[in-house]
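*Asks:* Starting from the given sequences, assemble the full structure and let the hints guide the process.
Protein chains: 2
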Amino acid sequence: MAKKIYKATVSSVEGIEVNSHVRDFDFTLDEPISSGGTNKGMNPVEALLSALGGCETMVAKSFAKSQGILLRNVKVEVQGEFDPDGYLGRNPDAKVGFSKLTSTFYIDADNTEEEVEKYIDFVTKHCPVHDTIENAPVFEDKVVPFE
Amino acid sequence: MAKKIYKATVSSVEGIEVNSHVRDFDFTLDEPISSGGTNKGMNPVEALLSALGGCETMVAKSFAKSQGILLRNVKVEVQGEFDPDGYLGRNPDAKVGFSKLTSTFYIDADNTEEEVEKYIDFVTKHCPVHDTIENAPVFEDKVVPFE
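Going down the list, the sequences are from chains E and R. Under the working numbering, residues 1 to 147 are what the first sequence spells out, in order. Under the working numbering, residues 1001 to 1147 are what the second sequence spells out, in order.
In short, the hints are calculated from the structure, not lab data. Just to be clear, a hint being listed does not mean it is correct.
[Unchecked claim] Simulated restraints, written as ranges between beta carbons of each label pair:
no., chain 1, residue 1, chain 2, residue 2, range
1, R, K1142, E, A136, 31 to 39 Å
2, E, E117, R, I1005, 34 to 42 Å
3, E, P145, R, A1002, 36 to 44 Å
4, R, G1068, E, V13, 18 to 26 Å
5, R, K1065, E, K142, 19 to 27 Å
[Stated by the list, open to error] Part of the chain E face toward chain R, derived, beta carbon under 8 Å:
no., residue
6, A8
7, S34
8, N73
9, K75
10, D110
11, F122
12, V138
Where is the CB? At the ideal position from N, CA and C, for every residue including glycine.
*Replies:* What follows is the structure in structure tokens.
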């Protein structure tokens, strides 16, 4: 199958508030007032956690039947550990982004604990967002005049 | 400064539609009808692109003044290259997630091309979402009973 290209266009709104436009959808991102924003939406690192947890939840639902899991319900809580000293440049040894991502899968299924554990291992390996973060893609950055 | 913990709780809504709850914000994620969803929102890989572009735009705005950039406007278009054969398990050599992420920075600034290029290099290095994807964090996955 041919490769697919996904696209998001992010525009500045006011202050540090931005809007990400994808197909017919708009997503407001901002920072809390304490971080210099106006708190109109979640911030980008929270959006990243949403993307990861959303992907894990969808993959868990999508593959359950074919993997022999009788899944009644699933909820995923994602936590990210962040060191502000890395982002703010106060500690060159601290990471700029998340140093740890923890996903807690809340599972209601008619299967053994072992079957569920094995299935969640399958889910994280088949989750495109998880793979993108765990196995870095190639990055390319271009700068062009504003249009 | 102490480490900060960010959190997103993702619940299944119906089919593969999910809701990510972060602080006071809710974010609907779904897939297009052609991919088995009901098209109520962007999908998780598009949310990941939004998080990356949103972070790059905010960082570009936040550090401009202190880096001597007279930034009038900024827009970031992020494209991700995805091979469905990797996700669907049809090609074990294909990546499950994005193989390439391209950010195009549209910049309106009262600076030389060289100054702007150097600044965007600074922005990508100081962007927490960019760093999280480029330099993989530690992952931990837990499975617990649904509550």
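*Asks:* If a hint holds in the structure, say so; if it does not, say that too.
*Replies:* Structure-based check of all given hints:
Hint check: R/K1142 to E/A136, Cβ distance near 24 Å, so the stated range 31 to 39 Å is violated. Here the CB-CB span from E/E117 to R/I1005 is close to 25 Å, at odds with the stated 34 to 42 Å. At about 42 Å, the beta-carbon gap between E/P145 and R/A1002 stays in the expected band of 36 to 44 Å. One distance hint, 18 to 26 Å for the beta-carbon pair R/G1068 and E/V13, holds here, with the actual separation near 24 Å.
The beta-carbon spacing between R/K1065 and E/K142, approximately 24 Å, falls within the hinted interval of 19 to 27 Å. For E/A8, the shortest C-beta to C-beta distance to chain R is roughly 4 Å, which falls under 8 Å, so the interface hint holds. Given hint, E/S34 at the interface with chain R, is violated; its Cβ is 11 Å from that chain's nearest Cβ, farther than 8 Å. Given the 8 Å rule on beta carbons, the hint for E/N73 holds: about 5 Å separates it from the nearest Cβ of chain R.
Taking 8 Å as the C-beta contact cut-off toward chain R, the hint placing E/K75 at the interface holds, the least distance being around 5 Å. For E/D110, the suggested interface contact is broken, since its CB lies about 12 Å from the closest CB of chain R, more than 8 Å. Interface restraint check: E/F122 against chain R, minimum CB-CB distance 10 Å, threshold 8 Å, status violated. Hint status for E/V138 relative to chain R: holds, with the closest Cβ pair at about 5 Å, below 8 Å.
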